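Asks: This is what each chain is made of:
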Amino acid sequence: MKKLLIMLVASVFTVQLQAQSLGGGQVTGNFQIDAQLSRQDSAIGAEDVPQKLLSNVFANLLYTNGGFSAGVRFESYLDPLLGFNAQYKGAGIANKFMSYQNDMFEITAGNFYDQYGSGLIFRSYEDRNLGLDNAMMGVNVKVRPMDGIIIKSMVGKQRYYWDYGKGLVRGIDGEFSINSLIKRFEESKTRVTLGAGFISKYEEDQTILAGDNYKLNLPLNVGAGSFRMDLAHGNWGLQAEYAIKSQDPNVLNNYIYKGGNALFVSASYSQKGLGINLQAKRIDNMGFKSERSATGEMLYINYIPAMSKQHTYALMALYPAITQVNGEMGVQADVTYSIKKGTLLGGKYGTGIKMNFSQIMSIDKQPLEGYTTIGETGTDGYTSNFFKVGDELYYQDFNIEISKKLSKAAKLAVTYAYIAFNPIMENEHGDIHYNNVFVADYTHKLNSKNVLRGELQWLKSNIAYFDEDKRSGDWLMALVEWNFTSAFFLSVSDQYNYNGSEEHYYNVSVGYTHNTTRLQVGYGKQRKGLLCIGGVCREVPASNGLTISLTSSF
Amino acid sequence: MKRYMLKNVIKSVLVATAVLFTACDKIDSDDYLIYSGSNGEWVNGSSVTDKEQRVFVEKYTGVRCVNCPDADVAISQIQSSLGHKIIAVSIHAGGMARPYSGYEDFRTETGEAWNTYFGIQANPSVMVNRSMNNGTPNIITDVAAVSGAVNSALSQNGNIAMEMTSTFNADNGNGYVDVSLEFLEKVADELTITLLVTEDGIIGKQLEHGGVNENYEFNHVFRMTITDLWGADVVADGEKGTCRSARFEYSLPSNYKAEKCHIVGFISKKNTREIIQSAETSLM
Amino acid sequence: MKKLLVSAFVFIMSMGMINAQETKSLPVLPDNISVKNLDGKTIQTSEFGNDGKPYILSFWATWCKPCLRELNTIKEVYEEWQEETGVKIIAVSIDDARGASRVKPLVNGSGWEYEVYIDQNQDLKRAMNVVNVPHTFIINGKGEIVWQHTSFVEGSEEELIELVKKVMNGEDISESK
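Chains as they are written, first to last, in this note's numbering: chain W, 1 to 554; chain E, 555 to 838; chain Y, 839 to 1015.
Keep in mind the hints are simulated off the structure, nothing from the lab. Here the structure is a predicted model, which means the values were calculated and not measured. There could be a bad hint or two in this list.
Claimed, not checked - Below, computed lysine-lysine pairings styled on DSS-like, alpha-carbon distance capped at 27 Å:
1) Y:1003 to W:449
2) W:341 to W:388
3) W:341 to Y:963
4) Y:913 to W:272
5) W:52 to W:89
6) W:445 to W:411
7) W:152 to Y:963
8) W:183 to Y:879
9) Y:903 to W:528
10) E:814 to W:89
11) W:449 to Y:874
12) E:794 to W:89
13) E:794 to E:814
14) Y:879 to W:272
15) W:89 to E:759
16) Y:879 to W:189
17) W:142 to W:166
18) Y:903 to W:348
19) W:340 to Y:963
20) W:189 to W:272
21) W:272 to Y:1004
22) Y:903 to W:445
23) W:340 to W:445
24) Y:874 to W:142
25) Y:879 to W:408
26) E:759 to E:794
27) Y:874 to W:341
28) Y:963 to W:445
29) E:580 to W:365
Use the sequences and the hints to build the structure in full.
Replies: Following this line, the structure appears as structure tokens:
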């Protein structure tokens, strides 16, 4: 492995030197600086920050020259912003790679990000806002032997803060475009793409006790495979992926030996002015990490997104769906419709309607024969009827958004959502929260340079306020934003937790953008809660103070 | 040409896939568990130099128990005045030990079993030497009463001297404890020895009077037993002057920080489960 | 091993820096990144183009409100723009598995006439140093990045088309706001 890497570096190096003599190459990059000053505020639970100033810094440098590219990323967390894992503390080169590619093949040595299909068995990715980075460290090869075939193969370890996970991850994936491969389908209106991937994780043995005097006989190699297809025929589309995982006793599934499986199906129809998408998924015991005893959000080999709309309005995102890797079944329907201008409902400028419904349930789980409980360590855990829906509702969301241009200068979007949220998704017990959320979002263009925007949001919950959950109770929010061209903005907002903590979470922020450089300064209170992106969440503690964010790319 | 290449590609993919597919282990359901028992065999030993009487103080606690940090304060105060005569173990069990989302679960099967057996109703609950009163365990829920109970336990001599030495291999996580006992007076009761591992300095989230503390330091956290949860039999005649020793092997799960771990051992009466002597040594 | 990697890298970087200073050329669009079109077909970025005319490359996501506002605002003037300047918009979605299958219905349902691609693994996003969306580029007929900007507010579409016109006239806009 080491030798191979050195050889690769050497060969890439030679190629590079040749390319150099042809001249040129370019260096690009980007950086992001986030700084935070927070002070104690016992009313919202913000703790004292003895360091006073916290900062996260990222700087990427990328060099490309023809088919050759190389990059480094510097990261510094001195000390990490509130809510980021303390293990990030430190500074250094967190990511480095070299890559060479031509029409037929591509090889990357060092850190890389990739995914097989939709990611049910493998996805290494980065989300800075979540403080999550699953970058692989190793070698990734992609071969395109002919038009319509892509074969990928990789080996490596996953990033774990400033270290690497214990597991060695290996994978191979193939994707075949039938239309490119079979001549008589070349011009067919039906486009078919098939794919299959396989991942194997090796991890050394360790002692996991099961009751007294027994330890687990652990599988050192865990495999996962998936098959997928993507069909498109004119306005119609169908995508499906099915994945299975071999015995993988790990801390997420309480060390059971049952295999895992996952199915994801999506069908869509769209024409100009109308788009419909229906999705269904079933996940059973698919928590797949490169370290069997690792908890937390790091070291996931695969990625299973939540099957619900990702809300962006603050109060609609208050209770987000969180993926249950140990088992969930979900459906989602999504409709986008544009009413033509000049019609009765469309008015002078047309009207946009978006509707979305999602429901996520538990899966059926029955104790094994001779057992009374589910998921006992060192057993097959449970049995599950694939087609039976579980009894427990995890999440339900119906939302509709109507957006309308009222005049040449004014736009209005109103959104309503009904969101049912089961705290079991956050590992908490308690009644299901049923929330009604209303949002009005109004934009007014005063002249070619000045734009005003306002939001009013209202959340009405059925659950009375309780101190353990700072979200509980009802909420009102107002926001006013003034933009002077796209260069400058000022926004003022307040979130008021009435029938609850009676706390006001006010915020003032100003931003300045010049081309790709953006400076934003905010002052205010941040509620303690979860920040969730794609069904993956991070706990954010309460804070009260100043945040400064500077991003730039060149 | 194209066709020839395609054939080769498919062939190599098939070979590679076949190789990878063998890279997933299948374990038969009969073989999920491996016996890892390590009850030692007792042999004649030599005299024990450390003849101190010590007291075993166990606290049943939970991360969601607002009063539990008070018990930590009380016990560490007693420790600072009485030193190593006090052997503290913190057992996370019961409803209030339910972990906060994203934080480690300190509960153990053994801890829950003890919690149920002794009938712990509230947190914090403290037991000193698992002493009994008319057949029911003495459970102290008032932290102010712990100090008195410790003093009275210290005044009773169990008549056994106990010493432990620990050997640990950090490379593979395997270790063993050598236990030496000396009967200072005749002991008529049948005895058992229980060995367990505790860990110090774990940072986690704990409910306190002022709200949740995400940087709470947990000490003496009960992790696992090396023996069975009710101990291994002490094979000895119990006559004054008898010296016995035994070695107990174990494997430490890699998620426990060995350098922060201690091994705690105690001798209890088999019939009442009351503890008459205890000892502690750092694992590394 | 680590040292070797790092030193090799530093060497290459420094050579690259020197060269970049000498030539002072505009950065070009990476031409060998794979993205998918809405029918699931893999397309190389070398196929991006607008018959020698400039085009607008905009990164967006289904969950990004300002992105949707930008693309919806431009929708209303897009026909006009095309007639006037022949400019084309390539909209690259960075949605992951959660949103990717909603991209096509959303694009059609919203009535967008843009060329849309999905960059699910965010290879293009990384290669073009995009940190946040929306991030909009103007690429000239030679495939060079002549201008880029993050964020959107109503009215900035007018600045955008003015810049495109300047590019068509061969003006240097690299210092424009």
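Asks: Within 27 Å, alpha carbon to alpha carbon, are residue 189 of chain W and residue 272 of chain W?
Replies: Distance ~18 Å between residue 189 of chain W and residue 272 of chain W Cα, so the pair holds.
Asks: Could you grab the alpha-carbon distance between residue 794 of chain E and residue 89 of chain W and see if it respects the 27 Å cut-off?
Replies: Cα-Cα ~58 Å, so violated.
Asks: Sort out whether residue 963 of chain Y lies within 27 Å of residue 152 of chain W, counting only the CA atoms.
Replies: holds, 20 Å
Asks: Assess, step by step, whether the Cα of residue 183 of chain W is no farther than 27 Å from the Cα of residue 879 of chain Y, and give holds or violated.
Replies: Since the Cα atoms of residue 183 of chain W and residue 879 of chain Y sit roughly 16 Å apart, the hinted pair holds (cutoff 27 Å).
Asks: Check the hint pairing residue 874 of chain Y with residue 341 of chain W against an upper bound of 27 Å on the C-alpha distance.
Replies: violated, 32 Å
Asks: Is it true that the CA of residue 52 of chain W sits at most 27 Å from the CA of residue 89 of chain W?
Replies: holds, 15 Å
Asks: If you draw a straight line from the CA of residue 89 of chain W to the CA of residue 759 of chain E, is it 27 Å or shorter?
Replies: Within the cut-off at roughly 19 Å; holds.
Asks: Hey, residue 874 of chain Y versus residue 142 of chain W, does the alpha-carbon distance stay inside 27 Å?
Replies: Given that 27 Å is the threshold and the Cα spacing comes to 16 Å, the pair holds.
Asks: Going straight from one Cα to the other, do residue 903 of chain Y and residue 348 of chain W come out at no more than 27 Å?
Replies: With a Cα-Cα distance of about 23 Å, the restraint between residue 903 of chain Y and residue 348 of chain W holds, given a limit of 27 Å.
Asks: Do the alpha carbons of residue 1003 of chain Y and residue 449 of chain W lie within 27 Å of each other, as the hint requires?
Replies: holds, 20 Å
Asks: Assess, step by step, whether the Cα of residue 449 of chain W is no farther than 27 Å from the Cα of residue 874 of chain Y, and give holds or violated.
Replies: violated, 37 Å
Asks: Hinted pair, alpha-carbon criterion (27 Å max): residue 913 of chain Y, residue 272 of chain W. Please report holds or violated.
Replies: Holds, at roughly 13 Å.
Comparing the model with each numbered hint stated earlier shows that hints 2, 3, 11, 12, 13, 19, 21, 25, 26, 27 and 28 do not hold.
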